[in-house]
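**Q** Take a look at the letters that make up each chain.
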Amino acid sequence: MSGWVKYLILASSFLVLAISFAIGLWARKKVTSPEAFFGGAKIFGPVTVGLATMAAVGSAFAVVGVPGLVYSTGNTILLFMFAAPAFVFGYLVIGKKVRGMAEIGTVASLGDLSDLRFNHHRGIKLMLSIMLFLGCAMYLSAQVEACAKLFENLFDWNPVVISVVIFTILIAYTVLSGEIGGILTQAFQGFVIVLAGFIFIVSFFVVTGGFGPVLEAISGDQGAAAGLNPAAMTAWGSLPGAYSFAWVLLPTLGIMCQPQVLTRMMMLRDPRDMPQLSIYATCTNMVAGMMVMAVGYCAIYLVANGTLTITDPDKAVFKVADYLGIVAQLFVYPAVLAAALSTSSLFLSLAGNIVSRDLPSSLGLTIRSARQMTVSRIAMSVMGVSAIGFASLSGDMVAILGTYGFGTLAAATFPIFIIGLLWKGASSRGVMLGMLTALASTIAGVTVEILKRFDLSSFAWPGGVPWYVFVMAASVVVTIFASLLTRGDVLDRRVEMAMEL
Amino acid sequence: MIVKTVETLLVVASAVLWLVMVGLAGAGHWLAALYVLLGLLLIYAVLGTSHKGRFDLRLVAFPSLVWLAMWAAAFWLGDHYAGVFAGRGPDFTILGFHPSFAAVIILFWLVPTLLMGFGFEAVKDRWLSKERWEDFVRRVHEPDSANADSEGDESP
Numbered sequence: 001m002s003g004w005v006k007y008l009i010l011a012s013s014f015l016v017l018a019i020s021f022a023i024g025l026w027a028r029k030k031v032t033s034p035e036a037f038f039g040g041a042k043i044f045g046p047v048t049v050g051l052a053t054m055a056a057v058g059s060a061f062a063v064v065g066v067p068g069l070v071y072s073t074g075n076t077i078l079l080f081m082f083a084a085p086a087f088v089f090g091y092l093v094i095g096k097k098v099r100g101m102a103e104i105g106t107v108a109s110l111g112d113l114s115d116l117r118f119n120h121h122r123g124i125k126l127m128l129s130i131m132l133f134l135g136c137a138m139y140l141s142a143q144v145e146a147c148a149k150l151f152e153n154l155f156d157w158n159p160v161v162i163s164v165v166i167f168t169i170l171i172a173y174t175v176l177s178g179e180i181g182g183i184l185t186q187a188f189q190g191f192v193i194v195l196a197g198f199i200f201i202v203s204f205f206v207v208t209g210g211f212g213p214v215l216e217a218i219s220g221d222q223g224a225a226a227g228l229n230p231a232a233m234t235a236w237g238s239l240p241g242a243y244s245f246a247w248v249l250l251p252t253l254g255i256m257c258q259p260q261v262l263t264r265m266m267m268l269r270d271p272r273d274m275p276q277l278s279i280y281a282t283c284t285n286m287v288a289g290m291m292v293m294a295v296g297y298c299a300i301y302l303v304a305n306g307t308l309t310i311t312d313p314d315k316a317v318f319k320v321a322d323y324l325g326i327v328a329q330l331f332v333y334p335a336v337l338a339a340a341l342s343t344s345s346l347f348l349s350l351a352g353n354i355v356s357r358d359l360p361s362s363l364g365l366t367i368r369s370a371r372q373m374t375v376s377r378i379a380m381s382v383m384g385v386s387a388i389g390f391a392s393l394s395g396d397m398v399a400i401l402g403t404y405g406f407g408t409l410a411a412a413t414f415p416i417f418i419i420g421l422l423w424k425g426a427s428s429r430g431v432m433l434g435m436l437t438a439l440a441s442t443i444a445g446v447t448v449e450i451l452k453r454f455d456l457s458s459f460a461w462p463g464g465v466p467w468y469v470f471v472m473a474a475s476v477v478v479t480i481f482a483s484l485l486t487r488g489d490v491l492d493r494r495v496e497m498a499m500e501l
Numbered sequence: 502m503i504v505k506t507v508e509t510l511l512v513v514a515s516a517v518l519w520l521v522m523v524g525l526a527g528a529g530h531w532l533a534a535l536y537v538l539l540g541l542l543l544i545y546a547v548l549g550t551s552h553k554g555r556f557d558l559r560l561v562a563f564p565s566l567v568w569l570a571m572w573a574a575a576f577w578l579g580d581h582y583a584g585v586f587a588g589r590g591p592d593f594t595i596l597g598f599h600p601s602f603a604a605v606i607i608l609f610w611l612v613p614t615l616l617m618g619f620g621f622e623a624v625k626d627r628w629l630s631k632e633r634w635e636d637f638v639r640r641v642h643e644p645d646s647a648n649a650d651s652e653g654d655e656s657p
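Listed in order, the protein sequences are those of chains A and B.
Under our numbering, residue 501 is the last one in the first sequence; the count climbs by one each step, no gaps.
Under our numbering, residue 657 is the last one in the second sequence; the count climbs by one each step, no gaps.
Heads up, a few of these hints could be off.
[Stated by the list, open to error] Within a straight-line C-alpha distance of at most 30 Å, the following computed DSS-like cross-link-like pairs (lysine-lysine) qualify:
no.: 1; chain 1: B; residue 1: Lys-625; chain 2: B; residue 2: Lys-505
no.: 2; chain 1: A; residue 1: Lys-424; chain 2: B; residue 2: Lys-505
no.: 3; chain 1: A; residue 1: Lys-29; chain 2: A; residue 2: Lys-42
no.: 4; chain 1: B; residue 1: Lys-631; chain 2: A; residue 2: Lys-30
no.: 5; chain 1: A; residue 1: Lys-452; chain 2: A; residue 2: Lys-315
no.: 6; chain 1: B; residue 1: Lys-553; chain 2: A; residue 2: Lys-42
no.: 7; chain 1: A; residue 1: Lys-6; chain 2: A; residue 2: Lys-315
no.: 8; chain 1: B; residue 1: Lys-631; chain 2: B; residue 2: Lys-505
no.: 9; chain 1: B; residue 1: Lys-631; chain 2: A; residue 2: Lys-424
no.: 10; chain 1: B; residue 1: Lys-631; chain 2: A; residue 2: Lys-42
no.: 11; chain 1: B; residue 1: Lys-553; chain 2: B; residue 2: Lys-631
no.: 12; chain 1: B; residue 1: Lys-625; chain 2: A; residue 2: Lys-424
no.: 13; chain 1: A; residue 1: Lys-424; chain 2: B; residue 2: Lys-553
no.: 14; chain 1: A; residue 1: Lys-30; chain 2: A; residue 2: Lys-42
no.: 15; chain 1: B; residue 1: Lys-553; chain 2: B; residue 2: Lys-625
no.: 16; chain 1: A; residue 1: Lys-424; chain 2: A; residue 2: Lys-42
no.: 17; chain 1: B; residue 1: Lys-553; chain 2: B; residue 2: Lys-505
no.: 18; chain 1: B; residue 1: Lys-625; chain 2: A; residue 2: Lys-42
Source of the hints: derived by calculation from the structure; they are not laboratory data.
If you're wondering where the values come from, they're calculated on a predicted model, not measured in any experiment.
Whole structure, please, built from the sequences with the hints as guidance.
**A** Written out as structure tokens, the structure is:
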């Protein structure tokens, strides 16, 4: 690759950063109150929220990790990417209830929502804050890692310096405009991902001629010689079946309670726009799904034909882009950056919310509204810097923790927001016990995985099912049975009305 | 009161299904666990339609139940053709895909996604009518005493 092409790619990536920064700066005008800064503004339409939701859910893992997994293990991971109906299901089942709760009072964070449903139960808020904070740390560090690796393929730059530059700009615009800027920049970044998706889909058909030739290539002698497994092209891919189960379950039940989805439901101007929002979210998600499949299949085709050699699956997307030429390169690098930025800005805001509002309130401390914004800004900056430090010290471990983030967040939020909003019988004490179970089992699960990674444990999860599935199940079951054994809460009439919507 | 009991029974059934599902997956029966997951989703779909003491089963039937039926078909066909052509190339393809994965593409992804997205728009008024939302907003912002009066007015 010639020098000027590299700098053109760099320029296109930094253009995404510059536009995101400009949007954040402009959005500052819309921050008319601390509540708006924290996410309490119900002012957005379905297109903005749909694009922002897709971008925030589709992290760098989706754009970099998934094509690599498609290349190395086949279709299994696509079950995760293709579970788009789960978005609609989430809106159908709890959308109007969440949006209804946001109408009752100032609901700017998930902690506020939990306060309303569980009568300001401080223990639940504390557990929620801790679990969300853990999930934020896992996700953020993984995004830093992805940003650092982004330019590794082009330049011999120090990954820490790259992360610092990108995250400084990200922190700056998130600190300036909070969730208002967050949702608008995420919508823009979602648009970039969709644009890159179309480019890749067209390129895939031009290069391979369709899906049939890919199947032929992997089934042929050259495919076998390249170490590719034809079983990868079946519905379940070449991974053990337990992964198919986990990767259907996780998005199907997990998407509706992810902070990226819940907080955006609350910011929709009119709840009756939710069906439209679901169309935008699912259609853009379909383009992203098609893109990662196209990249993974392209990698399989090119390797099976002996055109490319891929030693690190995580670099499959860049190898394919480099093969496709400058147009693909000019879009894929910005798309990876956009995916990392959108997820990072959401989790930075979430972390800021936790530190400045939810955690102090759960400990019985009160911080004035105006001061909360300052505390939140400091917290976001510290969190961003810590994520860079953690990512640079931990190496590959960070990517593994990143994949756990989704499960951790689902285990934390499912008992409160799904069981809690669908069942009036969910008691504070039941949910509290469920949350304690989630926290303890998450810590145990991560510890076991870390021990296994350093060959200090040979423990195998039953059936090869990923540990976070057991964590989710334990927290939900404990919440329900403990609620049955304890007395339900007396609910505010307005909360009952929202749950009855 | 009856609905409250039914709600509780459904929630208890969901907890049992969680245990059955994870138990089956842990015992290596992951495909059976996937079918149990569909039952679990159906329970949440029913609970999500609860409104003033009633479940809207028509809203459950479309689009959610149709979606779940498609997923069941996708799992069955996907597994069937993965078994039929195990260890060798498939005798035929659908849209260029292995028949096992074609079931996923068509019945797990494309058709259900469009069905759910546009189906939701089609049942929008049944899901949340303008009147119901405006009534909710009005009552939420009423003082407590006024609300108690208006609730009293609604009683037979």
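**Q** State for each hint whether it applies.
**A** Taking the hints in turn, this is what the structure says about them:
no., hint, verdict
1, B:Lys-625 - B:Lys-505, "25 Å, holds"
2, A:Lys-424 - B:Lys-505, "8 Å, holds"
3, A:Lys-29 - A:Lys-42, "16 Å, holds"
4, B:Lys-631 - A:Lys-30, "28 Å, holds"
5, A:Lys-452 - A:Lys-315, "25 Å, holds"
6, B:Lys-553 - A:Lys-42, "26 Å, holds"
7, A:Lys-6 - A:Lys-315, "16 Å, holds"
8, B:Lys-631 - B:Lys-505, "26 Å, holds"
9, B:Lys-631 - A:Lys-424, "25 Å, holds"
10, B:Lys-631 - A:Lys-42, "17 Å, holds"
11, B:Lys-553 - B:Lys-631, "16 Å, holds"
12, B:Lys-625 - A:Lys-424, "25 Å, holds"
13, A:Lys-424 - B:Lys-553, "13 Å, holds"
14, A:Lys-30 - A:Lys-42, "12 Å, holds"
15, B:Lys-553 - B:Lys-625, "18 Å, holds"
16, A:Lys-424 - A:Lys-42, "26 Å, holds"
17, B:Lys-553 - B:Lys-505, "10 Å, holds"
18, B:Lys-625 - A:Lys-42, "20 Å, holds"
The earlier numbered hints are all upheld by this structure, with none contradicted.
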